[in-house]
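As they're listed, the protein sequences go chains A and B. Using full-length UniProt numbering, the letters of the first sequence map in sequence onto residues 1 to 338. Using full-length UniProt numbering, the letters of the second sequence map in sequence onto residues 1 to 338.
Please note: incorrect hints may appear among the correct ones.
When chains are identical, the list treats them as one kind, so a pair holds in a single copy or across two.
In silico lysine to aspartate or glutamate, DMTMM-like type, Cα no more than 25 Å apart, as pairs [stated by the list, open to error]: (1) Lys76 with Glu19; (2) Lys224 with Asp89; (3) Lys224 with Glu107; (4) Lys224 with Asp294; (5) Lys224 with Glu104; (6) Lys197 with Glu214; (7) Lys76 with Glu107.
What the hints contain is simulated information worked out from the structure, not anything from laboratory work.
2 protein chains.
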Amino acid sequence: MLGTVLYGPGDIRCEAVAEPEIVEATDAIIKLSASCICGSDLWPYRGLQPVDAPMHMGHEYCGVVVEVGRAVRTVKPGQFVVGSFCISDNTCPHCRFGFQSSCEQREFMSRAQAPVLRVPLADGTLVATSAMPSDDLIPSLLAASDVLGTGWYAADAARVQPGSTAVVVGDGAVGLMGVLAARHMGAERVIAMSRHKTRQDLALEFGATHIVSERGDEGVARVKELTDGVGADSVLECVGTQESMTQAMNCARPGGSIGFVGVPHGVQIDGQGLFFAQKSLLGGPAPVRRFLPDLIDLVLNRTINPGRVFDLALPLTDVAEGYRAMDERRAIKTLLHV
Amino acid sequence: MLGTVLYGPGDIRCEAVAEPEIVEATDAIIKLSASCICGSDLWPYRGLQPVDAPMHMGHEYCGVVVEVGRAVRTVKPGQFVVGSFCISDNTCPHCRFGFQSSCEQREFMSRAQAPVLRVPLADGTLVATSAMPSDDLIPSLLAASDVLGTGWYAADAARVQPGSTAVVVGDGAVGLMGVLAARHMGAERVIAMSRHKTRQDLALEFGATHIVSERGDEGVARVKELTDGVGADSVLECVGTQESMTQAMNCARPGGSIGFVGVPHGVQIDGQGLFFAQKSLLGGPAPVRRFLPDLIDLVLNRTINPGRVFDLALPLTDVAEGYRAMDERRAIKTLLHV
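Use the sequences and the hints to build the structure in full.
Next up, the structure:
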């Protein structure tokens, strides 16, 4: 079959790869309905994360189970499933506390930019739907696998409450999902920080009540203006740079919370600065599995439409154009037909 | 009158200082029932914080109001009051959110190692008792002003829940108050990290269920053993060094919370490390004012006895011995008779 492999910065290829097979008794093999490119795939693509050996790419997936290992109990061939980008057993203490992305058996999914995928720890990782979903819901179900779940975690970690004010730093796909999540959790004001018209429009569609196009200190000053000088209750940091983290910290009010889901690259936090700023920080790889059942329901009953975040769809063979379009910010997020 | 002044590392003096007077209409003058030395006073005493000019010391206080400015409404001469080491108006947005230590008008108290004290923003800062407390409760009421309130905030910021496991890093006075707070908030297991017999004994008296005398990686390993390899739900960081912060972070489980109240000195936090550790951080100068009414009640009805933390009492004129005893860890905390 075909799959995508990153050979080095800017060098992503679609080429023949081995078809996956059951390895462990707890595995499932699924035929993917679609795959996609994640903003985090751009870190190694841009050379900002080392590529020591060819990397099989892709960690977002949904599709139909074709085979399960003999120990698998909760999913069976023919079922439609969505799984998290973090493999988890969903039974260890960390999973039971709702932090499946720190599962004692955690693995990070890869090789999902392909038509067929092996999913380890299928019972803990996959959530099956009761019926086969309509085709038009596939992009939204695919989004639940990571980008939506990650935006949701940003809002959860930032402790968004009904009636509160939330700021979203970053207008990439995760940030836009963060807007959707914050609004769904009842934030009265959702301030999206974005300079790009198409992203601003999508943020508004997802429930943003205000757009701030300034960045850095100017952006912080605008947020302060909008909050009567107080700052936001919750800030969703969806980028992962020192600049975006500083911006996020400065947008929050004392006692406010920052949920950070952009993988930090070169970010240092000064302890004394954090102390006197008196702001709460929680981040990490999103425990998507915690949210998946609810997110799937919200998609199936058409309460949310996160699939709108895909503004480019390409066949797997054109994956290189998909990466380029995202790298050049011509596309927010690329869906791959596998 | 006499007061204490720090001239440089190790050079603390008791000398004649000006008696305070009403300056602003919102001030109160109180005659102190007692004062004390704080662990944070040791930072400049030890030369770990610059002393550019002679510093008037002391920020913990309780006593009887002798005079109020014309704008003061909630306290009056003759009342016994306890105040926070952070001056706050208790009306600004940050105060209303319960973060009075980030009040828009915040000032840090000083000059409280003296018999008479000026308290700015008296209405927002002071809490009066309904009657004059017995003399034997003075140490506990004095403790509420900072050390108890700070330990309380450490437990609050570490989100201690009934039935949970809490670890306290640091066996100074604040750490011991953190033990008391965590236990009072319902933690089922309170693990005090302490190597000193007298402090271990006091930790046990305050409700610690386990003592871990190892530090660093060995201490973390012991905490992991005691928690079946999981880590603690809540960790109270009550020191403020890189070593203690690292120890605190490593003792928490993923998704667990660290409340840090030791003023960080030279502490740097790596963003990516914090991300993958997936632990929640909140610290800062304690919003003691939020807790004061409850803490005063708990002391007056003799539910808690935080005054036990004072294991040395000296006249103000012997303040230098009080600092020395704490610096050399011969005393946990020194009460000063003013």
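Next on the checklist: Could you work out which of the previously given hints the structure breaks and list their numbers from low to high?
Outcome noted: 4
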